[in-house]
Amino acid sequence: MKPFTFATGMYASGDWESGQMVAAIVIDSLARFTALDLAPTGVNVPVDSPQLFEYPFLYLTGHLPVRFTSAERGNLSRYVQRGGFVFMDDHNHDVDGVFHKTATEELGRLFGPLRTVPNDHALYRSFFKYEDGPPATSHELNGWGDNLVHEHLMGIMRGDRIDVLYSNKDYSSEWSMHPDSKRFLEVDPSRFSVNIVVYALTR
Amino acid sequence: MRVSERVYRARWLLAGAMLVASIARAAAVSLAILLLFGLIDLAGPLPLGIRGAALPASVAGGLIALGLLIARGRYAFHPTRVALYLEERVPALEYALVTALEHTGPGVNVLEQVVDRAEPEGALRTPVIRALALSAALLAPPLLGVALLPLALRERILRPAPGDVLLTASRGGTSASRVATIAVRVIPPAYARREERRFEDPSLVGGLAGSRVELRGKGAARGLDSLRAGIGSEALRVTAVGDTWIVALPMPDHPVAVRLIDRDYSRLFALEPVADQPPAATLTAPSRDTTYLLPRGRLALAGSALDDIGLVRAEFELMHTTGSGERFVIRRIALGGVSPGGAPSASVQATLLLDTMRLGPGDVLHVRVVARDGNDVTGPGEGASDTRTIRIADPRLRDTIQVIPAAIAALDTTMLSQRMLVIRAETLLVQRRRIAATAFEDRARVLGRQQGLLRERVEAVIEELTTATEVGFTGETEASGILGEAAAAMKLAQRELGEYRVPGALPYMYRALKALERVRNSERLYLRGVFPKLVVDLDKVRLKGTDQPSVTPRDSRPVLLDARRVLGERLDRAITLVARRDPGARDSLILIRVDALSRAPDAAPALGRAVDALRAGRDPLPLIATARRVLLRATEASPGVPAWRGGP
Numbered sequence: 001m002k003p004f005t006f007a008t009g010m011y012a013s014g015d016w017e018s019g020q021m022v023a024a025i026v027i028d029s030l031a032r033f034t035a036l037d038l039a040p041t042g043v044n045v046p047v048d049s050p051q052l053f054e055y056p057f058l059y060l061t062g063h064l065p066v067r068f069t070s071a072e073r074g075n076l077s078r079y080v081q082r083g084g085f086v087f088m089d090d091h092n093h094d095v096d097g098v099f100h101k102t103a104t105e106e107l108g109r110l111f112g113p114l115r116t117v118p119n120d121h122a123l124y125r126s127f128f129k130y131e132d133g134p135p136a137t138s139h140e141l142n143g144w145g146d147n148l149v150h151e152h153l154m155g156i157m158r159g160d161r162i163d164v165l166y167s168n169k170d171y172s173s174e175w176s177m178h179p180d181s182k183r184f185l186e187v188d189p190s191r192f193s194v195n196i197v198v199y200a201l202t203r
Numbered sequence: 001m002r003v004s005e006r007v008y009r010a011r012w013l014l015a016g017a018m019l020v021a022s023i024a025r026a027a028a029v030s031l032a033i034l035l036l037f038g039l040i041d042l043a044g045p046l047p048l049g050i051r052g053a054a055l056p057a058s059v060a061g062g063l064i065a066l067g068l069l070i071a072r073g074r075y076a077f078h079p080t081r082v083a084l085y086l087e088e089r090v091p092a093l094e095y096a097l098v099t100a101l102e103h104t105g106p107g108v109n110v111l112e113q114v115v116d117r118a119e120p121e122g123a124l125r126t127p128v129i130r131a132l133a134l135s136a137a138l139l140a141p142p143l144l145g146v147a148l149l150p151l152a153l154r155e156r157i158l159r160p161a162p163g164d165v166l167l168t169a170s171r172g173g174t175s176a177s178r179v180a181t182i183a184v185r186v187i188p189p190a191y192a193r194r195e196e197r198r199f200e201d202p203s204l205v206g207g208l209a210g211s212r213v214e215l216r217g218k219g220a221a222r223g224l225d226s227l228r229a230g231i232g233s234e235a236l237r238v239t240a241v242g243d244t245w246i247v248a249l250p251m252p253d254h255p256v257a258v259r260l261i262d263r264d265y266s267r268l269f270a271l272e273p274v275a276d277q278p279p280a281a282t283l284t285a286p287s288r289d290t291t292y293l294l295p296r297g298r299l300a301l302a303g304s305a306l307d308d309i310g311l312v313r314a315e316f317e318l319m320h321t322t323g324s325g326e327r328f329v330i331r332r333i334a335l336g337g338v339s340p341g342g343a344p345s346a347s348v349q350a351t352l353l354l355d356t357m358r359l360g361p362g363d364v365l366h367v368r369v370v371a372r373d374g375n376d377v378t379g380p381g382e383g384a385s386d387t388r389t390i391r392i393a394d395p396r397l398r399d400t401i402q403v404i405p406a407a408i409a410a411l412d413t414t415m416l417s418q419r420m421l422v423i424r425a426e427t428l429l430v431q432r433r434r435i436a437a438t439a440f441e442d443r444a445r446v447l448g449r450q451q452g453l454l455r456e457r458v459e460a461v462i463e464e465l466t467t468a469t470e471v472g473f474t475g476e477t478e479a480s481g482i483l484g485e486a487a488a489a490m491k492l493a494q495r496e497l498g499e500y501r502v503p504g505a506l507p508y509m510y511r512a513l514k515a516l517e518r519v520r521n522s523e524r525l526y527l528r529g530v531f532p533k534l535v536v537d538l539d540k541v542r543l544k545g546t547d548q549p550s551v552t553p554r555d556s557r558p559v560l561l562d563a564r565r566v567l568g569e570r571l572d573r574a575i576t577l578v579a580r581r582d583p584g585a586r587d588s589l590i591l592i593r594v595d596a597l598s599r600a601p602d603a604a605p606a607l608g609r610a611v612d613a614l615r616a617g618r619d620p621l622p623l624i625a626t627a628r629r630v631l632l633r634a635t636e637a638s639p640g641v642p643a644w645r646g647g648p
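Here the protein sequences line up with chains A and B, keeping their order.
Per the numbering used here, residue 1 is the first one in the first sequence, and the count goes up by one each step.
Per the numbering used here, residue 1 is the first one in the second sequence, and the count goes up by one each step.
If you're looking for bench data, these hints aren't it; they were derived computationally from the structure.
Treat the hints with care, since some could be wrong.
[Said to hold, decoys possible] Label pairs and their computed distance ranges (CB to CB):
{"hint": "1", "chain 1": "B", "residue 1": "T546", "chain 2": "A", "residue 2": "E151", "range": "23 to 29 Å"}
{"hint": "2", "chain 1": "A", "residue 1": "T202", "chain 2": "B", "residue 2": "R565", "range": "21 to 27 Å"}
{"hint": "3", "chain 1": "A", "residue 1": "L185", "chain 2": "B", "residue 2": "G337", "range": "50 to 56 Å"}
{"hint": "4", "chain 1": "A", "residue 1": "P46", "chain 2": "B", "residue 2": "P162", "range": "51 to 57 Å"}
{"hint": "5", "chain 1": "B", "residue 1": "R495", "chain 2": "A", "residue 2": "P46", "range": "49 to 55 Å"}
{"hint": "6", "chain 1": "B", "residue 1": "R501", "chain 2": "A", "residue 2": "L141", "range": "25 to 31 Å"}
{"hint": "7", "chain 1": "A", "residue 1": "P3", "chain 2": "B", "residue 2": "K514", "range": "43 to 49 Å"}
Just so it is clear, CB atoms sit at the ideal spot from N, CA and C, and this is done for glycine as well.
Just chain B, same shape as in the assembly (with noise of 0.2 Å):
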């Protein structure tokens, strides 16, 4: 065999067995730092951040010691190396191994012959297997180690997760706190198609309303007689699976703090809800109101929508409305809609064909973005935009100059004074024969003088319409023609009633009653932007009514506590606690941070944090200063708001 031959036979020999060996130890660094993690894990919980570590820092480890080893035992690839490894360990080589790999002239067959007879390749089995063996008994002790850890140990070191602190050993026997270690999974409702969140051992709870929220602690073994949840006095249901209890609730729409109670034992945590919002919608065109001659051409609408989770329909609601009066007929149109499937946004466009809408003269079009969520759990959560109104103009109205509407009001108290006037005169027919005769004559002739005041209010409102100028009309209207219908019947209505005829009075009385029916369902008018100047003569009215009031006390108002106050005064309160390092402190932050929520939106990321720090054995005292800074701030104008002046 040849000189190079056996070296690089010895060089592969020789690499191999360091690769394998440093190999070996690597896993043995990159498992003893796993060991370490788990093992103090064991004798005291790791949070979820430096457990997520284990890991990586055992790969790094394990790679860095790889890396070092190969380095050092790199001359193993060295054929000149390798010829020198073996001339140090055979010395009857007597250097022509290194020589012979060298030297390539003549004499190198002595040299090899040299080589031949002191068979180097012997030399190397002791030290491979050497190697090999202490890399074996190097890695075995943390092998061990590490498969010697309880299964869930290693799924908390080698998986960490939220919510797996459900997975240590629990401590302290059958005395132990059973809600002291908690694991909570928020599972959003399915149209949300969001992720389920869990939290280990929390003291906020944080979620889209309407989630699945799911509490689980040990112990359940021991029975649930003494384990109890709730929220305020509502009790939660709890139930066992194997060693595991449950308590399962729905997110609520606002904040709440949920106590636990396992005999003496007790914790709190919030639940704060993110409200799924409703969609925004925009209108962009038509971008203003309109009023519009003739209903005729093309309206181009333009919208979007944006939803915090989801859209499923976007659309344009049209509502038609048309009449007069107390009398409208409303029609509503969807128009232009899209289906966006889930997504965020949409937009929405379509053209109206204003000479298709059946529009007339005074006909109201309101036009807006209308947009749903997907939300089937608390929802649908629906959202419009602003309202553009489309008008279209009525020959009879005038917008620009002033119209006295005076007959249009006295008409409706006419007709309610006629239907009076006529339920009067029948009661009076119905109680003739239990009443003397000249008690009926009286009240006939009273039902008589009361209608011919109606009459002359009816004339004198037949005299405003037929004599008003500049309202768009001159002349007999279709209202005076009936109104005239009615002041007749009045007048004859009056004539038997003056003659105590009230049977003979009520066909014209009906009659008047009708025609005031019929003006009230004709055309009207209705002045826009103009309202009459109708000036109250005080002094003579001042302190003139005959009805007597009946003014009770009033019971006393209980005051309205400025919420924020309160808020800052139990603040104050949780600080002598957490001064005094009082067990209640983190449960009085809780309730403050979730009444907080509510009422003082701004002190709560702060409070939040508190709680936080305190939950890590941080001081929460500056966090909760700056709450309370947050909360007790002097009240600041806004700007761009006008200053109150209401009085009296």
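Bound conformation, chain A alone (with noise of 0.2 Å):
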């Protein structure tokens, strides 16, 4: 069996690459705390490769506008239809933010209107219990981007598995840090990116 590979989507439009240290840090807090088979460094995919097959989760971010080519839009259709769960993260934690207008509506043209994910979801007990939905970010707690702390996360849905997993709450900057700087904060920040992957592998 390989080991779990934790995969940046690489697209053409934007930004991609802005989460540069989310990779290193989910994969530290999945050693801390799971006894998962982990690749030691993430990988880059191009969305629109055949290598993306390889990869069961697929981490999406940025700032910038996205529009998928039609190579790109075909191939994450079809990993999705195929079991593949994709987590897109708005860098920019703005509602009216270009990079949320954009993705959202790319994924409603590929797989219909995202919904809300219910905040007493499996996915917020799937590793680390969060009774009251997804954790909020400190970007959010300091008012920055739109000022709101988003309550829910969203989700394209089968039933109630979520496939596509879309958060407003730019996790990819509250996990932008080295792994080794977690031993200066308290919590680790990192903690639900165990919810998500462990969601992701056992849904």
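Given two chains presented individually in distinct reference frames, assemble the corresponding complex, making use of the accompanying hints.
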């Protein structure tokens, strides 16, 4: 069995590479809290390439407009249809931001409208328990971006199973730190990433 | 009167009578055919297709009869045959008429005198009158029969149209089902500019989503109390106009089964919407993504759009993004728009003058074609082409060399930490009166230490920024200068905190935070296409996390049923009903077809034909077998799709 590899999706438009530290911090958290067999480093995989099908989990982020090409759209659609899990995070943490508008438009075009993931969803108890739904990020608490604490995550769902998880909470910034920096923090901010990955692998 | 004149006059009389009689008899044949259709329809409603053939058959029958009759009486136009006809009926002529007609020499006068004496015209009166009377007698019965047919029945035969099933006489009196015979009108929304469609006793009704669907039946005069219509648990309103009951509803956006109930009778039919597809847009120029060194020159844009109904707008959408880090300004520009006025296709062209676009280094321009249709019911449908990304090169960015961006990430977290330190110092100050002096000093000292650690991180970032090579800059940058201010302020704050002077430390801490925020908004380095290879030391951190997970047992998940297999099982049960000639078989097939339209569209056509066959009294089993084969065929690999290799 192949070890779990954290894959970051590379798409032609926008700045797919803005969450540079996310892979490392997620892998670090998975190692700290789980016995999952892990690849020690993440990979970047073009969304329109067949390599995408080598990874069951895909992370997408950015600040700039998201406009998938036909090839990216087709590949991403097949990826989700065939069981791949996509976690897309708005690095702008702004509902009026262009990433949010264009990314949700693209997801809607591909899979239909996004639905609210209820705060008692299995995602919030797949490893750590989050009674109130998705944990707030310091960006939200500091009033940056759209000045909102987003109470829900969104998703493309089949029944209650999440295929595509979409976040406005800017976990990409929250988790944008060297794993070693966690020692300065009382609570590991990337704990929630364990829930997301465990959920993606066991849903 | 000369012989030839007599013969010609007789000829016109006979020919005229022959023509009138032929027309009357042909009309009799034609009306008899119509009457036959009418009587059969009266006995049991004829299908629309057969009724549609009644009038052509009647006209054809009449024309054939007319042709035969005229061919038979063609000798009435021939003078010699007319003369012989008269000779046959007037023996006193003694062939003087025929001889005089053919002979022009001397002696004709004698022959004419013989003819004059015989006066042969009188012999024509009786046969002409008899022929006309007989023709009238032949015409009268079918004419009367057609005239006596009910007006509605005549309408159904003479002007057959879908939906005129309601014109048939009701049978069975008040105990008969009022939902057994229905007509359906589907009126498309105005924007579609399509004609309405009518269905007679349908099992499946198709139409554009958003159309107005009207179901009509007879027997409303008996009251509407026991008449119900619904989709699932949703009841539909039934109204009455005269003896006609009407149910009106919009064509939904997904297939549904409508059930009509009249006392113990019920029937089912499917509404199968056809979705108005959004326009398909194509951007043909530019044909690929481009990076311009300088925003100069012209860029030709070309594209096209197609729609299944009609386009109202097509244009280029430009999205200009300028900025960096997390501060971007977006400008949307529409260009080269056309209004095709409902045409199904349109092309758009424009020229982009890059010099006038106020583009700067690092800016990004996304170009695509956007088209909208005129759907004002469920739309508007909007389609967009692929997007081309036009980038303006930023000399500070390097696409081809590795840029190590650790400084950026470190800055973000440093700023967060500084903000947290400020909050904790402010909190400590507020709590000062409520806690022991020693506790206050201890916590101030801890804050001082943390401030020192932060300062070291900032200084490390300064070091990286000023010593990085091959990244397009050397020495001190704007960011490193501001970071120097932050580090200096942090040092002073650290000193104050180390001596428990929290009020004295806070101004320096604020100054450091502001400096960090300035750095955050200053020029940032972002790499393109290259990612830092950060390898996590898994052995070192494995299961070292101190937070306690709280994994709760997962709820048992409902098994995701294979929709095709479920439909196949339902089809098997329907086959049993069909074999038993159970009246519910048709309803079962309709319900399976409704679900198949969304879950197994490839099996839906055969199911639809099976429903039609069952309705028409034909054997639906071969078609059901086809649908079942399609439904349950093994999953096949699509060529070109890579094999799934995801793990674990």
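Against the structure, the hints come out as follows:
no.	hint	in the structure
1	B/T546 x A/E151: 23 to 29 Å	28 Å, holds
2	A/T202 x B/R565: 21 to 27 Å	25 Å, holds
3	A/L185 x B/G337: 50 to 56 Å	52 Å, holds
4	A/P46 x B/P162: 51 to 57 Å	55 Å, holds
5	B/R495 x A/P46: 49 to 55 Å	51 Å, holds
6	B/R501 x A/L141: 25 to 31 Å	28 Å, holds
7	A/P3 x B/K514: 43 to 49 Å	44 Å, holds
The structure fails none of the hints (numbered hints given earlier).
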